[in-house]
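Residue strings, one per chain:
2 protein chains.
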Amino acid sequence: MTTQRLILVSKRSPLTYSRNAKSGELEAMLAPGGTANVVADMASLLDVDWMCSAMTAEDLEMRERHPEGMKLAFTSSERPITVHMQQHDGQVFADMQEVMTADVLWACNNTLWDSWNTPSFGPDIRRAWEHYKLFNADFLRAASAQLERSPDAPVLVHDYQLSVLPGMLRQSHPGQRILLFIHIPWPSADYWRMLPVYMRREFIEGMLGASVVGFFARRWARNFLDCVRDLLPEASVDMDRLTVEYAGHRTRVAAMPLGYSPQAIDYREKEMPPDLRAWVAGRFMVLHSGRTDPIKNGPRAIAAFRLACEQSIAMRERGCLLVRCNPNRLYVPANSDYLEQLHAEAARTNKHFGAELVRVICENDVGNTLGCLQEADVLVFNSTIDGQNLTVFEASLLNRRDASILLSERAGAAEALADVVDLINPFDIAELSGKLLEAFRMDAGPRQERAERRRRKARGFDLPRWVDMQLSALEVD
Amino acid sequence: MTTQRLILVSKRSPLTYSRNAKSGELEAMLAPGGTANVVADMASLLDVDWMCSAMTAEDLEMRERHPEGMKLAFTSSERPITVHMQQHDGQVFADMQEVMTADVLWACNNTLWDSWNTPSFGPDIRRAWEHYKLFNADFLRAASAQLERSPDAPVLVHDYQLSVLPGMLRQSHPGQRILLFIHIPWPSADYWRMLPVYMRREFIEGMLGASVVGFFARRWARNFLDCVRDLLPEASVDMDRLTVEYAGHRTRVAAMPLGYSPQAIDYREKEMPPDLRAWVAGRFMVLHSGRTDPIKNGPRAIAAFRLACEQSIAMRERGCLLVRCNPNRLYVPANSDYLEQLHAEAARTNKHFGAELVRVICENDVGNTLGCLQEADVLVFNSTIDGQNLTVFEASLLNRRDASILLSERAGAAEALADVVDLINPFDIAELSGKLLEAFRMDAGPRQERAERRRRKARGFDLPRWVDMQLSALEVD
Chain A
1 MTTQRLILVS KRSPLTYSRN AKSGELEAML APGGTANVVA DMASLLDVDW
51 MCSAMTAEDL EMRERHPEGM KLAFTSSERP ITVHMQQHDG QVFADMQEVM
101 TADVLWACNN TLWDSWNTPS FGPDIRRAWE HYKLFNADFL RAASAQLERS
151 PDAPVLVHDY QLSVLPGMLR QSHPGQRILL FIHIPWPSAD YWRMLPVYMR
201 REFIEGMLGA SVVGFFARRW ARNFLDCVRD LLPEASVDMD RLTVEYAGHR
251 TRVAAMPLGY SPQAIDYREK EMPPDLRAWV AGRFMVLHSG RTDPIKNGPR
301 AIAAFRLACE QSIAMRERGC LLVRCNPNRL YVPANSDYLE QLHAEAARTN
351 KHFGAELVRV ICENDVGNTL GCLQEADVLV FNSTIDGQNL TVFEASLLNR
401 RDASILLSER AGAAEALADV VDLINPFDIA ELSGKLLEAF RMDAGPRQER
451 AERRRRKARG FDLPRWVDMQ LSALEVD
Chain B
478 MTTQRLILVS KRSPLTYSRN AKSGELEAML APGGTANVVA DMASLLDVDW
528 MCSAMTAEDL EMRERHPEGM KLAFTSSERP ITVHMQQHDG QVFADMQEVM
578 TADVLWACNN TLWDSWNTPS FGPDIRRAWE HYKLFNADFL RAASAQLERS
628 PDAPVLVHDY QLSVLPGMLR QSHPGQRILL FIHIPWPSAD YWRMLPVYMR
678 REFIEGMLGA SVVGFFARRW ARNFLDCVRD LLPEASVDMD RLTVEYAGHR
728 TRVAAMPLGY SPQAIDYREK EMPPDLRAWV AGRFMVLHSG RTDPIKNGPR
778 AIAAFRLACE QSIAMRERGC LLVRCNPNRL YVPANSDYLE QLHAEAARTN
828 KHFGAELVRV ICENDVGNTL GCLQEADVLV FNSTIDGQNL TVFEASLLNR
878 RDASILLSER AGAAEALADV VDLINPFDIA ELSGKLLEAF RMDAGPRQER
928 AERRRRKARG FDLPRWVDMQ LSALEVD
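Listed in order, the protein sequences are those of chains A and B. Position 199, counted from 1, in the first sequence is what the working numbering calls 199; the numbers after and before it change by one each time, with no gaps. Quick note: to get the working numbering, add 477 to the position in the second sequence (first position is 1).
So that you can see chain A by itself, here it is in the shape it has in the complex (with noise of 0.2 angstroms):
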C-alpha cells in the first residue's frame, strides 16, 4: 500500500464528538453504521487528511482547539488520521441530507419511484439543489487548503453527497488525480432522466470532473455510462474500455468490488443470545439480515417462506425464519412503516400456522448478528436493489453451517458471487420459496462443497484490495 500522503473527503465523520455529562470532558464516539466504517478502515490503511461534516457542537469545539486537524488512531496497530471537520450552514446542511440525499437521490438511484405519486419536483427541490452544491463547495475550500500544503496529494471523494465536488475541484486543480467513489446502485438512464433538468446535466458534468469513478458493480457503471450518453451527446463515451472524454478531459469509469472488512469480522465476540437458540431449537433456520430499510425487502422473504411452509408440512415443522435487523433512521417514514410491515407479514404468518414460525428482531448488538450469520441454515439476500450489499460476503467467510445462500440479482455482489450462490429475483415470491425448499432438501455434500468454493470466493474481495484498486486506478503508487 502506498506511503504517499492523500487526501480523502466525505459526508460521513469516522467519530463524533459529545461532552460527557460528569465529568464536563468531551468524549470520541466512533460513528456508526455503513459508508463511514468501510471508509474509516480504508483510511486506517492510508496516511489521510480526512475533510468531513462536523455534527454536533461539539465537533465544532473540537475543530477550534486544532485547527490543524485532529489526529487520531482507532487501533494502536493503525497508521493516524487527521481530520478536519467542515462547518457547513444549518439550512444548506438540512436540504443536502434530508432533501437531496434522503428525498432525491437515495430514491432515484434505489428507484423507489412508482412515477403516478412519486417524485414531484417542486421550487424546494430547486433550492435543495443549489444547497447541494453549497455543501461542496464547503469541501471544495477544505481540499483546496489542503492541497496548499501538500500539492500533489491524490483526492478520494466518497459517495453521493459529494458528487459534484470533482467538477469544482478540476477547474481550480486542472491536473490533480480525483476518485469519486459511490457507494449505492446508479440506474438507468431513463430513470435517472426522471431528475428535474436543471440537476441531472449537471450533477453528471460534475461527477465527470473526477479522473476515477468507481461503482462496486460493473452494472452501476454501465448504467451511468448510459446517462453520460443520454444527456451529454457532446461526450466521446467508449463503453468498451469505460472511459469519457469530455470538456477536454478524461474519466475512467470502474467496478470496484469490495467484498468485507477484516477489521469488521475479526475483532469482535459473535454469539447467537441464548434465548434465540432457545427459540430455534435446533429447527432449520432461515435468515434474512439487513438494516430498517425497504431495500432490504424482508416483507417478501417473510411472505416467500409462508408460501414455502403452506406448500411442505416439513418445513413448517422444522424451519423457522428469523429477520434480523439494525435500527436504521427510525424517524423516516418509510423506515418505519418498514419495520411495521415486517412485524405485520410475521405475525400474519405466526397466526396462520398457529405457531410463532417467524421472529423478527430489531437491535443494534453486532455481535449477536455475526452469530446469527455462523448459525444459519439458509441466509435471505433478497434486496430489492443494493449498492454492493457487504453482509453476503461477512456471511460467506462466517457461516459454520454450509448455509445455501440466496442473493439478490439486483445485488452488487451479484456480479461477484454469481457462481457460489443462489441468484434470485428479489420480485417473485414464488420463485424464493420453490429456492427456499430446495435448500432445505439439499444434502449435506453438496452443501459443503458449494460453501467452501464460496468461502474461497468471498475470501479474495478484502478492503485492502479495494483500496488497492482505488490507488491503482488512480496510478498511485
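Interface residues of chain B toward chain A, partial, derived using beta-carbon atoms under 8 angstroms:
# : residue
1 : 597
2 : 600
3 : 667
4 : 674
Derived coverage of chain A by chain B (criterion: at least 3 residues anywhere in the stretch with Cβ under 8 angstroms from a Cβ of chain B; other residues may be distant):
# : segment
5 : 106–120
6 : 123–134
7 : 420–434
Don't read these hints as lab results, they were simulated from the structure. Glycine included, every Cβ here is placed at the ideal spot set by N, Cα and C.
Following the hints, position chain B against chain A.
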C-alpha cells in the same frame, strides 16, 4: 397502398355484437377507444382478414353464423374487412386480460412500480403467463388456418397482448413475413428485468420471431434492443442498424411514429358545450386532456397551475384550467383513484383561491373534446410516460388559438414534435408552472409562427404514412 391480401391479428375487435332488447336482432357496435380505433382505421385502407377476440355471447353467435368470417365496411368509401372472431377459454382470457395485461405488462412498460410495495410475483403470475401463451396459441391456430387459404399473406400482429405469437408463427411458418407492433412504451433493461426469470427472456424470444418489431418511438426501440442484449447475450445486436440476429433469424426493430388518423378528426362535429364556454368566459384557458389513467398525470398539471396562480395575480384573475378526461376502465382501482385525485386537487385549488379556477370534466363526448382542443390557449400533455400520445397531434391540427403546447419528454410523440412544442419533465411541477406563465405572457406573433410550423410538422404524421411504414418494413409492395 398495397392490394395484397393481409392478415391482421389483434386482441381488440373493431366491433362487438349485442342483442337489441326490442327486436331481438343482433346489432354491431364500434368498439371504443385507443388501439382498436387506429387499427380499424388502418384495416379500412387494406384488404385484410382480421383475427380478433370475441367479447360477447352475441359475438360468438355471429361467429357461428359466419364460419368464413364476417364481411364489414365502416363507411361506403372503404374496402370491406373480413373479421374472424376467436373464442377463448374464460380463465385463459381473464388471466391474459386482467393479470398479464393490466397488472404485469401495463405496469412494467409504463414503469409504474415502486419496487418496495410493487410488484410481487406469486404462483398466480406463473399461471397467468401460461395462460397468456395459450391465448397467443389461439391466434396461432387462427392465423395458421388463414395462411392455408392465403399462404403468402404477410401477418400484422398488433400490440402487446400478442407479443409471443410471432415466435409461434415463426416455428410453423419459417419464411412468413410477420410484423409485431407494440403500442405502449418499452422500458429500460433494468426495469424489464424486474419480471420473473421464466417470463422475461421467453417473452423477448417470442417477439424476435417477427421479421419487424415496430414501436412508436426510437427510445422504445433502443430500450427493447438493450433488453435483448441483456437477456440474450448470444444474440447479435446492431444498435446502429437496429437489427438482431438470433436463432438463425434476423429481426429488424424500427420506430414508426403515428400522429393522427384523418378519420378521427375529419368526420365529427366539434363544439365546446355552451355551459363550459360560459364558465371559461373569455379567460385564458389551459387544457389538460387525456383518459382516466395515472400515466396522464393530471394531478401534477393542477398542482403546477396552482403554483402559477400563486406566483401571478394576472394568471389567477384571467386564467383557468380545464381538465378533460374520458372515462377509461373505471373499474380498475388505479383509474378511479386517479379520477378522485383530480377532483381533490381541483377542489383544493379552488378552495385556496376562493373561485372555480379549475374544472374537471369526465365524459365521453368526442365532439366536445375536439371542441375544447380547438379553443385552448395552452395544451398540457404531461404524461408520466406515453407510448405516443395522438391527442397532441390532433390538437396541433385542430387548435384555432395558436396555443402553446407543453408535451412530456417521456411521450413517444416528443421525438416527432421536439422542435415545435415545449418539452417538459412530467415530474417537475416548478418547471411546468414556469412554462404556463411563459405561455400566458407570450406575444401573438411568435405564437402564431410556432403554431403554423407545428401544424405543418404534425400533418406529416398521418395514418396512411404509418401503414406504409409497416408495409415497407415488411417489403410489401
